Amino acid sequence: MTPKPYMNPYLAGVLLGLLLTATVYITGRGLGASGAMKSAAVATVETVAPSHASGTPYYREYQEEHPEGALKNWLVFEVIGVVIGAFLSGLLSNRLSFKLEHGPRTTRNIRIAGAIFGGALFGFGAQLGRGCTSGAALSGMGVLSTGGIITMMAIFGGAYAFAYFFRKLWV
Amino acid sequence: MGPLVPDIIGQNLNYVVALFIGVGFGWILEQAGFSTSKKLVGLFYGYDFTVLRVFFTAGVTAMFGIIILQHFGMLDINLVYINPTFLWSAIVGGVIMGLGFVVGGFCPGTSVCAAAIGKKDAMLFVLGSLLGVLVFAEGYPLFEDLYKAGHWGSPHIFETMGLPKSVFVFLLTAVALIAFWAVTLVEARTNRETPKPWLLTRVGVTVAVVGIVIAVSGYFFPTQKEHYLYATHHQQGGGAAAVSGMSVDEFAFRLLDKDRRLRVVDFRDAAAAKSMPLPNAVPFTLENLFEKEPRRLLAQRGTINVFIAPDENTERRLATVAGELGYKNIRVLEGGLKAFEAAILNFDTTLVPATRQDVDTYRFRARARRDLPAVIAASANTAPVVKTIKRAVGGC
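Residue numbers (my numbering), protein chains in the order written: chain P, 1 to 171; chain B, 1 to 396.
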């Protein structure tokens, strides 16, 4: 079956904006994603190396903020929802498939390395910048936060600045 | 009044809400095409600006949505998480994320979304981002100074820029519309096509009309606060009668009696309140009536909230606003605090009572004049409890 066409981007934007408004109205906070990755990373360290986790201030601080366990976090539940929502959407639009996408002028191995390394950079940057494109940039723009909007400009400004050097990966 | 967490929706139900919000989030991202890195990075190479369209539309819509909720008194922004500003970590972290974006082709939210429909590159990106978090966690002492540098608190962007909020909102919306137009031209040039229409489509026109109606309605509908202040200002006679008064004698009696049901809602300024503290007094302002957390105090059952201000007119105006907002057990001190001071605290004991009833009043007021200063002095030691406002915890 052929995949269905994507939604009109402006319509998707309005829906996403309304969802963010509802999220702020109900919970008093915005959307996010990288926070769940932090929870997962901390939970992994706690399981694999409990003594290391309890001996390092950074993990201890996180444990104090999450007395019921690293995974009992609002964003973890939200991201589980994202997985479900995206899967259902992909299922209904015939877009489910196992594949590794890469640009026309690059190889599988380069794409694999790029995805892992790019993910690591994003994960690191999101910790340093206190949020990613969802938690800092989008939600920050919704509540007109100075910090969120600076982060947003730095993400997209940085991406444009580096785009030329990595063009062979994509076009 | 929002946010609904934590008093209407409890902490555990909030996790269920998070799950449903996530389902909506993932569904919208996938439907918009954010589940493929090719579409995402198109933004940086000029061949596909879907990300910019969705992102900017969502940001502007949410901005309007939140402003409208505030405008009509449905959301107390003081309780909403505003991302804090740490200038240097925001810039350096942002640039690193930008590099991660062009190298990896995703951002965290979209990678989860793409991984959910089976994209292996997205799964690797998620794995990579876990590693990135670990690097940050392990090396935290090295980055701590940068992480905490340039802390500006949690300002709003329009405050930082020194612009009125409405001007900033207008500018941001204008920038978004110009960007939507410009990217269609760039896209067409990159892909060697004729530019696609962007505004004169059905969705575009609908969104534009709704947006304009919303923006203009802000001028016609006053904010909830303005509405009530206007309404109460113009009905000083009729509306004021709805709030029952409390005589200075009753007030003095309840104070002497140490009546626990009595709550003094103190609208005096801080200096006046400090020079003459009252038992069970809570400092309050007109602003507080429109804020979620302080208002909850007025809703407690079994208490009599006596509004205190220097004069009765001010008290009645405030009490009428509170009444309009739906609070019932509110009374005002008759004659205001001025009358209370004149008739009780500075009671003229040289007066000669004429009638039998006056004799009773005389005796009571003389006793109150003698005993109340001790009660007031005692209350000075137990400073009024100021409820601290707790913002929602958010961010990534």
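Quick caveat, the hints were computed from the structure, so don't treat them as lab data.
Keep in mind the model is a prediction, meaning the values are calculated, not measured.
Treat the hints with care, as some may be off.
Simulated pairs of lysine-lysine, BS3-like, Cα-Cα distance not exceeding 30 Å [unchecked claim]:
{"#": "1", "chain 1": "B", "residue 1": "Lys148", "chain 2": "B", "residue 2": "Lys258"}
{"#": "2", "chain 1": "B", "residue 1": "Lys120", "chain 2": "P", "residue 2": "Lys72"}
{"#": "3", "chain 1": "P", "residue 1": "Lys72", "chain 2": "B", "residue 2": "Lys148"}
Hint check results:
For the suggested pair Lys148 of chain B and Lys258 of chain B, the alpha carbons sit about 49 Å apart, so the restraint of at most 30 Å is broken. As the CA atoms of Lys120 of chain B and Lys72 of chain P are separated by approximately 27 Å, the hinted pair is consistent with the 30 Å bound. Distance hint between Lys72 of chain P and Lys148 of chain B is fulfilled; the C-alpha atoms sit about 26 Å from each other, no more than 30 Å.
Figure legend: structure checked against the earlier numbered hints; the only hint not met is number 1.
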